[in-house]
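Following the hints, put chains B and C in place on chain A, whose structure we already have.
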Amino acid sequence: MTRPADYPPPFGTRDAIAAPSDPDDERIDVGVLIVGAGPAGLACAIRLGQLLADSPETAERLGDVPVAVLEKGKAPGSHLLSGAVVNPRGLRRLFRGRMQLADLPLFGEVQSEAVYFLRPRSSVRIPAPPTMRNHGNYVASLSQLGRWLGEQAEEAGATILPETPAARLLVTDGRVRGVRTGDKGRGRNGEQLPNFEPGSDLVARVTVLAEGTQGHLTGAAIRHFGLEGENPQVWALGVKEVWRVARPLRRVIHTMGWPLRSAAKYREFGGSFIYPMGEDMITLGMVVGLDYRDVELSPHDLLQELKTHPKLRRILDGGERVAWGAKTIPEGGLLSVPSRLHAPGLLLCGDGAGLVNVPALKGIHYAIESGRLAAEAAFAALQPGQTPWTPGALAVYDDSLRQSFVWRDLEAVRNMRQAFGRGFWLGAALAGAMTASRGKFPPTDLRTEPDSEVELLRSGRARRYPRPDGQLTFDKLSSVYLSGNRTRDDQPNHIRIQRRVPRELGELWVRMCPAQVYELGGGDGEVEVGITPSNCVQCGAISARGGRLTPPEGGSGPEYTLT
Amino acid sequence: MPTLVFLEHHDGELQKGSLGVLSKAASLGDEVTGVVLGSGVAELAPQAGKHGAKRVLVVDDPALEAPLPQPRVDALAQIVRDRGFDTVLFAGSVLAADTAAGLAARLDAGLNWDLTDLSSEDGRLVGKRPALEDSVYVDVGWKSEPRLALFRSGAFDPSESGGEAEVEEVSASFEDFSQAAKMLEQAHEEQSGPSIEDAEIIVAGGRGLGGPENFKLCEELAEALGGAVAATRAVVDAGWYPYAAQVGQTGRSVSPKLYVACGISGAIQHKVGMQSSNVIVAINKDPNAPIFEFSDLGVVGDLHEIVPKLTELVRARRGS
Amino acid sequence: MKIAVCVKQVPEGAARRLDPSTKRLDRSGEGALNPFDAHAVEEALKIRDASGEGEVVVLSMGPQKATDSLRKALAMGADRAVLVSDDAVAGSDLVATSAVLAKALEREGADLVLLGQQGSDSDGAVLGAALADRLRLPMFSQAAELTVADGSVRGKRQTEFGYDVIEAPLPAVVAVSDAINEPRYPSLKGIMGAKKKPQDALSLGDLGVEAGAAGEEGSKTEVYALGDPPPRGDSRKIEDDGSAAQQIVDFLAEKRLI
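So the sequence lines, in the order shown, correspond to chains A, B and C. Counting along the first sequence from 1, when you hit position 19 you're at 19 in the numbering used here, and nothing is skipped either side. One gets the numbering used here by counting positions in the second sequence from 1 and adding 563 to each. One gets the numbering used here by counting positions in the third sequence from 1 and adding 883 to each.
A portion of the hints provided could be inaccurate.
[To be verified] Using 27 Å as the maximum straight-line C-alpha spacing, the simulated BS3-like pairs for lysine-lysine come out as follows:
id : chain 1 : residue 1 : chain 2 : residue 2
1  : B       : K779      : C       : K885
2  : B       : K820      : C       : K1120
3  : C       : K885      : B       : K872
4  : C       : K885      : B       : K745
FYI, nobody ran anything at the bench for these hints, they're computed from the structure.
Just chain A, same shape as in the assembly:
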């Protein structure tokens, strides 16, 4: 039987790690370099700004550009996507008395919530599992929040460099020196176009990787420095839409069950969320673990199918779809977090480090807190008499993270996801036991199996996806359009996969991809896989199942604003 892991992508860690190569006068020097303008990276930048404002001597020592944040999207927020119901704890600690929650772009406190188990035409309300209680939390658009955090970071003195991907991690003598940014202006075959602009070596005293899910350099760094966690990381793919609606939704809703199948053999772990965004908008999404087995499963189409449920029809009736997006979520929990989150000159934060509480569907406040703690560790290591690249210089980051609420929360739920690998019913029972025992059960931690090692099967599932009607349900290309994706088409292909694979694997990719990037040629046993890289919304799903997403030219990909 086919396993994606048997067809590894033509990509190696060495492709992402290199020594600096620019001559000294072309190198760009910054103080602290942060890769990723998401909640983790921006929290780090903001905290550093606060610390440097109180310590002008340190700021001076860091040179012209004390804090630089690289963002591969068009602007902070362009590539950010989440549900989201945010625990304000991280934001409160970050802005510590300088700001009220009312000043933040949030959509209001969660008033009430409900959890349903769905069947094709009906639903059963079930009590909200304790890990899923959202009292005191706020609905937010992560994209909007990211844009706002970007403005705060700039005001705090950070230099944000949009449309700038980090293509390689610069390492010499076992020490991280910075990153090399991506080239611009290459043609489809890699040739230099008339306006070719090569990337630059950006050198820094401390490099913070806050790349988010499937972090390109984060993965390479973990392997290079031997930082792997106990369990391999696993991911889920989330696909979501934002709708303008005729009637306000007054509660936060989570569902389980249909259209996912509960039998253990399918391994369809996930569910959906429907959140109000103010009076006239809602967001809804479907999250599916990428260890599913059925080649015909299509997360994009599952969301479309979900919308045909009577409960959802009622909510969406009279409304209009205004946004769409997709992104992966790391689901391995604490046991998949790297064993160490620092190396000489390097710190790892946020989703890239796997700091996500799966049963509570929370990661944003952990990202913010980890970014904040990374800033403090970096700042301490930049004081006179310290060098951030001596081994152990940044260990205070790991220590402080382990003493924080981030670690406490993740410990309590560390085996939850693995339990659901055994199917919904058994998983729910195990999860209940874990919650009741606050994580003391089970006595031995459960293993995860990498998504790419799961064996595939086929079930005829695709027959049940609704035909897109352009009003309630939509096709993938319309969704890609709505994500704002206008990637330049004649640039090199940024997706690394084997191009000739068994038909089953090819079909898996075609269905899995929410953006219709892959297409199959003819043939029975093995097929050619065609790629349309310009459709790619950089969700990262392919990296979990036999391929590798690398960052394309800066500014490519979606331009999310409401996700």
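Relative to chain A, chains B and C alone:
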């Protein structure tokens, strides 16, 4: 509503677009005056009468010989002020756009452009203009007079009402700065032929063609119709046709009079590049292809059979 | 030699929508440098670099957010930016916009004024001619090629009939088409250096323009209503029974297309 219509000419002929606007203005009821500006252009005036002008003003001056906008602004400003026209209409073109805009600045007059229609509603003049790649239409107006309007190229067809116009020669004086730009060479044909953005007829090919060799079908039909060939992103990506011919969200936007889509599904990324085409004919063997939702004539069938037959028929018709 | 480039920030992509309350383009979201203006900035930089000396100033009129576009131009290599930012300019039409920008340009006294052929937000292709008239300078548009030499600018103007070669003495105004060049990507150094380049903010008062001459008050056109596009007439769908080709020909003849 004394209306003045700018009549552009080229190679001794009044432009179809201008005559179309003239016909439209005449249909709105009031007295319409046409104006022809150039050097040695007196004999063009009578053509205007046939299309609805009651009077044609001719400004014949060497300063107006080259088709440059600024001397035209001088002349038009004088005419509008002296004769009290409250509405000035232009058919869209490079020259007309620059002239209309310069005139707007000169007279501090409102200019609405890219209009596809004009009407009188409740005593005021209302223009209709498309926006956001023709997905929305906007009603626009003027707060004061004179009112300047620039119409989308090809918005109106000329119709002959068979009248005769009074021709009057008018003289004008020109500013120094208006005469500073000089035409050194005029109206060279582009070697590479019109880009698809300028083509009035486009035959476009998509995946349904089956392979690059079948673009020949599109090329032959385009030739028979006198148009250009375009392609969807999918086939350009696959290397079936060059990037310069790509129509769509990340390629070019086109708005020809006729767009024949062969084997194109009509995904939104393509649609936004061609939906403002005047007439869309789609040929696709999939009856559910989205393109049928926005085409004027949808043909469900095998393009490999239909297109060659169509080419033959068009050739035959043209030949006769 | 001083080259002034007028640039505009425009709303982008799928996020573009008309605001039903103002019936105008909703400019509150993300914006980007008008792609046509990027060609103008590039051309100005090329002219400056070719002559080895000179200054490229970029000007824009708009809300505070318009600084994003100015910064992008500075990152590409422009030397200085000027933003005319005043609440009173919101909702300006061509008459009002050209009046304000002309005053800002007069203040600069540039040898050459460049701008993109049109805005991707309103597809007008009109601002250049209006500016030139107010500045009383020679102009031409749709320039697909430009050379500056001996105190004049010579360009290839593309029209419906082919291309013309036009020459104007400096100072002059030229609107450039997107065929003229391929705008450069700003280098990282350029992006980081942009912040340090001079950026002036001017109010209408600084320009000596009355508030009433700008914005909606100073505009001579207005928007009445938004509506759906007219239905595509009688749209037909047929299945080929062998006669499709003939039916198409008949249809085209009916529409007077052949």
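Do the hints match the structure? See the list:
1. For the proposed pair K779 of chain B and K885 of chain C, the alpha carbon gap of about 51 Å is over 27 Å, so the pair is violated.
2. With a C-alpha separation of about 19 Å, the suggested pair K820 of chain B and K1120 of chain C falls inside the 27 Å cut-off, and the hint holds.
3. Straight-line distance between C-alpha atoms of K885 of chain C and K872 of chain B comes to about 60 Å, which puts the hinted pair past the 27 Å bound.
4. At roughly 22 Å between alpha-carbon atoms, K885 of chain C and K745 of chain B fall within 27 Å of each other, so this suggested pair holds.
In terms of the numbered hints stated before, the structure departs from hints 1, 3, listed from lowest to highest.
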